[in-house]
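All chains, full assembly: derive it from the sequences and hints.
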Amino acid sequence: EPEVTQTPSHQVTQMGQEVILRCVPISNHLYFYWYRQILGQKVEFLVSFYNNEISEKSEIFDDQFSVERPDGSNFTLKIRSTKLEDSAMYFCASKSGGDTQYFGPGTRLTVL
Amino acid sequence: QQQVKQSPQSLIVQKGGISIINCAYENTAFDYFPWYQQFPGKGPALLIAIRPDVSEKKEGRFTISFNKSAKQFSLHIMDSQPGDSATYFCAAHYTGTASKLTFGTGTRLQVTL
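First to last, the protein sequences are chains A and B. Per the working numbering, the very first residue in the first sequence carries number 27; after that it's consecutive. Per the working numbering, the very first residue in the second sequence carries number 69; after that it's consecutive.
Just to be clear, a hint being listed does not mean it is correct.
Claimed, not checked - Ranges between beta-carbon positions, derived for each pair: (1) B:181 x A:92: 41 to 51 angstroms; (2) A:42 x B:82: 44 to 54 angstroms; (3) B:163 x A:79: 15 to 25 angstroms; (4) A:136 x B:123: 38 to 48 angstroms; (5) A:31 x B:78: 47 to 57 angstroms; (6) A:76 x B:119: 20 to 30 angstroms; (7) A:46 x B:77: 33 to 43 angstroms; (8) B:86 x A:77: 26 to 36 angstroms.
Unchecked claim - Cβ-to-Cβ under 8 angstroms is the rule here; a few derived chain A residues that face chain B: (9) 71; (10) 81; (11) 91; (12) 129; (13) 132.
Worth flagging that the hints you see were computed from the coordinates, not collected in a lab. Idealized CB from N, CA, C, for every residue including glycine.
If you want it as structure tokens, here you go:
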């Protein structure tokens, strides 16, 4: 069964450093998402991406964040200058034209 | 108006019992209501979903009940098993090309022997 994959599973970085989180969505999917989950809290929407552009972004997704689909398979989330409060699980999700979003296993980001 | 409220925060049920988790929403534009199951260290996985044109949907031991007028929906897990122990999130979105999911706060379910 096709699945969304994410790398790395755990990323540790120093405050102020740039990080890139990588995702490979399910191959025939058209819509791509990033969500985050701070430990013990609910899953929060960050950004949606369709047809090579951002469809919607949340208040969390400020100028420090960017997304890119550099080729036909990868979907990346970049945080330019990480803050302590960026520490969270980051989930990539994708969907075809239907309703169901399929989530990856997540990347745990720890900012020291 | 975008919130989805979920209760209880945690739930302990004996094996074989019924687990019930409730959610309420405000945005009447929402028209798709999935439940996700999340095990520790894993991503959310779709469990079951419903649209507001039906009042109930059942898949195996899992049932969603939907009350459109009250703007509430609930997940019932019949014959709960220890393997059901996980965090459950209700969510909602409105049909659109790239519509985001709005999640509830989650319910940590523990099924005891």
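A quick look at each hint next to the structure:
no.: 1; hint: B:181 x A:92: 41 to 51 angstroms; in the structure: holds (48 angstroms)
no.: 2; hint: A:42 x B:82: 44 to 54 angstroms; in the structure: holds (50 angstroms)
no.: 3; hint: B:163 x A:79: 15 to 25 angstroms; in the structure: holds (20 angstroms)
no.: 4; hint: A:136 x B:123: 38 to 48 angstroms; in the structure: holds (44 angstroms)
no.: 5; hint: A:31 x B:78: 47 to 57 angstroms; in the structure: violated (31 angstroms)
no.: 6; hint: A:76 x B:119: 20 to 30 angstroms; in the structure: holds (22 angstroms)
no.: 7; hint: A:46 x B:77: 33 to 43 angstroms; in the structure: holds (34 angstroms)
no.: 8; hint: B:86 x A:77: 26 to 36 angstroms; in the structure: violated (44 angstroms)
no.: 9; hint: 71; in the structure: holds (4 angstroms)
no.: 10; hint: 81; in the structure: holds (4 angstroms)
no.: 11; hint: 91; in the structure: violated (15 angstroms)
no.: 12; hint: 129; in the structure: holds (4 angstroms)
no.: 13; hint: 132; in the structure: holds (5 angstroms)
Going through the hint list in order, the structure does not satisfy hints 5, 8 and 11.
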